[in-house]
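Working from the sequences, and respecting the hints, build out all of it.
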Amino acid sequence: VAVDTHAGHGHAGHGHADGHGILHHHFDDMEQQRECTSLAMWLFLATEMMMFGGLFFAYSLYRWKFAGGFHVGSSHLNIFWGTINTFVLLFSSLTMALAVHSATHRNRQQLVLWLTATWILGLAFLGIKGVEWAIDYREGLIPAVSWFFYSPANPHYHEAMAELAKWHTNPQQVMMYFVVYFSMTGLHAIHMIVGLALVGVFIRMAAQGKFTNGNDQPVEVMGLYWHFVDIVWVFLFPLLYLIAGFHLGGGGH
Amino acid sequence: MAKRTSQMKGHTPAPPEPEKRAAETQARAPEPQHRPAAEPQNRAASPPAHSQAQEPRIQDRATHTEVVGDYRAAHEHHGPTLKVYYVIFGLLMILLVVTLGAAAIDLGPLNLPIAMTIAVAKAVLIVMFFMHVYYSSHLVKFFAGAALFWLMIMFVLTLSDYASRG
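In order, the protein sequence lines correspond to chains A and B.
When you read off a place in the first sequence, starting at 1, and then add 337, the result is the number in the numbering used here.
When you read off a place in the second sequence, starting at 1, and then add 1334, the result is the number in the numbering used here.
Hints may contain errors.
[What the hints assert, rightly or not] Covered by chain B, according to a simulated footprint, are these stretches of chain A (three or more residues, beta-carbon under 8 Å):
1. 394-400
2. 420-428
3. 553-566
Because the hints were derived from the structure by calculation, they are not lab data.
Cβ coordinates follow ideal geometry from the N, Cα and C atoms, glycine included.
Right, dumping it as structure tokens:
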């Protein structure tokens, strides 16, 4: 069995000779090194899960306590842009997975291509998020920065208050929804910015051929980070945007 | 899977001293040729009766390095084929549409558990295939699961406290 696989994997991506060239001296072999770097990254991601977990817990508690406020708060978000952004981020996970695949198979051209695609998609996500936040700013839905939606300064003040009464809630509860919303999407956006910076540096290094000489582990590890940030959004999207549901053709505003 | 486990076990315990030294010299030595070409050196240390073609597994257990070599050969391309990536992406897109569809229907208290189930399904697909956990060792799987376990402790214990206080 073993001999057959040796013979079958004799092509690029396997070689021991150049593989040993990037084996750090404190590891016995490439497999151990690979396992170690993956484990370390997963340990880091575990601490990341703890950090986001605290926010998800705060969300759970306040959604339970302030059900009406969270319903009304969520209805202010734009489901269309939230859906587009979910698509963009899931798509960027695919391109990142393809980048890792290209690095493992030592295809420099494709690695640069897929990393660049990932970078553009990540930037598109942040751009859309920025537009959403700008709309929130204009509508007066950012606590402590621009909060006047539930004051007479809002031309639709009476409708806004009537909506609150309908859901047995008050401006303070909606404000708590937006505090949680900006904390979670803000921390997520910070992670996206870090990811974009990393991918940017990696594009440059990939173009120099630094990851297609058998040294594909940095790309693999950075991919783990990128996918993690994607997964956080996979949970944020339904929790933040879809509380109030939506009517087909209407969309949320 | 069982095959890999047995190999992992063979890999874990420290080999007896002479073997280890042999393993190290082989690992450090420059090795321009393909692995099978280098094997005759080691075969000298093992019973000569075994031919490589007939009983490769016994041959592989001869030294630490060869077990690792076998493990490496079988799993160095750990990771799915391109087709798997595209299929997973297709499934993620379907799940995104299902999430929206489920949110468009008012199911009362059922909307949240349905949305969360779909989100978990998406996350599992990404973790298992995009993040290669499905193809990784038990230790990596354990690390990935451990964080989830601690999160569950926080959610279950703390929320049950809030819930029971009324």
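Each hint, compared with the structure:
| no. | hint | in the structure |
| --- | --- | --- |
| 1 | 394-400 | holds (count 3) |
| 2 | 420-428 | holds (count 5) |
| 3 | 553-566 | holds (count 5) |
In this structure, none of the earlier numbered hints is contradicted; all agree with it.
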